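As given, the protein sequences belong to chains Z and B, one line each in that order. Going by the UniProt record's numbering, 98 is the number at position 98 of the first sequence; the sequence numbering is gapless. Going by the UniProt record's numbering, 1 is the number at position 1 of the second sequence; the sequence numbering is gapless.
Do not rely on the hints blindly, as some may be mistaken.
No distinction is drawn between identical chains; accordingly, a pair holds when it is met within one copy or between any pair of copies.
Think about it this way: if two alpha-carbon atoms lie no more than 25 angstroms apart in a straight line, the pair counts; the simulated SDA-like pairs of lysine to any residue are [unchecked claim]:
(1) LYS110 to GLU95
(2) LYS110 to CYS55
(3) LYS110 to VAL97
(4) LYS110 to ALA92
(5) LYS110 to ALA71
(6) LYS110 to ALA98
(7) LYS110 to ARG40
Derived by calculation from the structure, the hints in this document are not laboratory data. Treat the numbers as computed from the prediction; the structure is a model and nothing was measured.
Number of protein chains: 2
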Amino acid sequence: MDTLTPAAAADRTGVSLETLRYYEREGLIGPIRRSPGGRREYTEDDVFWIGLVTCFREAGLGIADLRGFVALLRAEHPAQDRVAFLRERRAALEERVAALHRAIGVLDEKIAYYG
Amino acid sequence: MDTLTPAAAADRTGVSLETLRYYEREGLIGPIRRSPGGRREYTEDDVFWIGLVTCFREAGLGIADLRGFVALLRAEHPAQDRVAFLRERRAALEERVAALHRAIGVLDEKIAYYG
DNA sequence: GCTTGACCTGGAGCGCGCTACAGGTCCGAG
DNA sequence: CTCGGACCTGTAGCGCGCTCCAGGTCAAGC
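Just need the whole structure built from these sequences, with the hints factored in.
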């Protein structure tokens with residue numbers, strides 16, 4: 001079979017078991033298919049999706065934002081709504097990049113001063 | 001006098017009164033000079049410094065990080081230690097920028113797909 | 001002097017994003 | 001068949017960064 005046990009999925013994604021369950025509970029991933037005995041079986045698609053979620057989490061998006069993203073990709077909203085939402089999110093991320101560049105600028109100033 | 005009341009300082013910096021007190025308590029700013037009656041009097045320098053703190057907070061640095069930054073700028077550590085610390089912080093911020101760009105890339109993909 | 005409102009301190013409370021734990025179930029190795 | 005470890009659910013706890021509140025003090029306007 002080409003599914004992964006929870007431990008293997010955690011290992012592959014770098015996300016802890018607890019957090020994987022948490023994400024599933026929060027609707028960010030899954031629901032993950034279960035074995036007859038009730039154990040989770042992660043597919044490669046699941047792993048890929050978890051990677052996306054992790055990517056956005058690392059970029060600083062909150063759980064609620066991610067939930068919105070999931071809802072969007074699964075929903076039956078018209079394409080233009082999706083694009084509007086995506087552009088909005090994109091702009092927010094660009095603003096975060098700008099904030100980081102401001103902070104980096106301050107650091108560079110200080111480094112120049114002490115260097 | 002050219003000092004600001006707490007309310008004025010909050011207004012100028014965009015930081016709430018409570019948060020200003022919190023930052024002072026945590027050692028991120030001040031201690032702020034007091035009037036005979038015990039009220040805080042913010043100077044322009046204080047306001048400037050609060051701006052720096054806000055800049056770094058917006059960039060995602062934590063309170064502990066900021067405390068380290070404050071300690072550095074006030075401390076008697078050798079210049080090379082300061083520079084090392086600053087470069088380290090800078091690298092961490094660059095990594096955050098990279099994470100943001102990865103997320104933006106994903107959004108762009110989706111936008112292209114739906115657009 | 002009296003009122004009113006901005007300010008003070010100390011401490012409790014909150015939302016977020018996990019993280020840990022208790023108590024039970026499943027299942028492969030021996 | 002038994003054992004042990006990975007897994008299950010549900011719930012409690014934690015650290016962070018504020019935010020709010022109680023109960024009191026200071027000071028400007030009437």
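From the Cα coordinates, with 25 angstroms as the cut-off, is the pair LYS110 and ALA92 best called within, between, both, or neither? Between copies only: 16 angstroms across, 28 angstroms inside.
Indicate which option fits the pair LYS110, VAL97 if close means a Cα-Cα distance not exceeding 25 angstroms: within, between, both or neither. both (20 angstroms within a copy, 20 angstroms between copies)
First find the shortest C-alpha distance between LYS110 and ARG40 inside one copy, then the shortest across copies, and answer within, between, both or neither for a cut-off of 25 angstroms. Neither way: LYS110 and ARG40 sit 51 angstroms apart in one copy and 28 angstroms across, limit 25 angstroms.
Treating 25 angstroms as the Cα threshold, decide for LYS110 and CYS55: within, between, both or neither. Cα proximity of LYS110 and CYS55: across copies only (14 angstroms, versus 31 angstroms in one copy).
Within, between, both or neither: how does the pair LYS110, ALA98 come out at a Cα-Cα threshold of 25 angstroms? both (19 angstroms within a copy, 22 angstroms between copies)
Under a CA distance limit of 25 angstroms, which applies to LYS110 and ALA71: within one copy, between copies, both, or neither? between (44 angstroms within a copy, 14 angstroms between copies)
Cα distance capped at 25 angstroms. Does LYS110 pair with GLU95 within a copy, between copies, both, or neither? both (23 angstroms within a copy, 19 angstroms between copies)
In terms of the numbered hints stated before, the structure departs from hint 7 and from no other.
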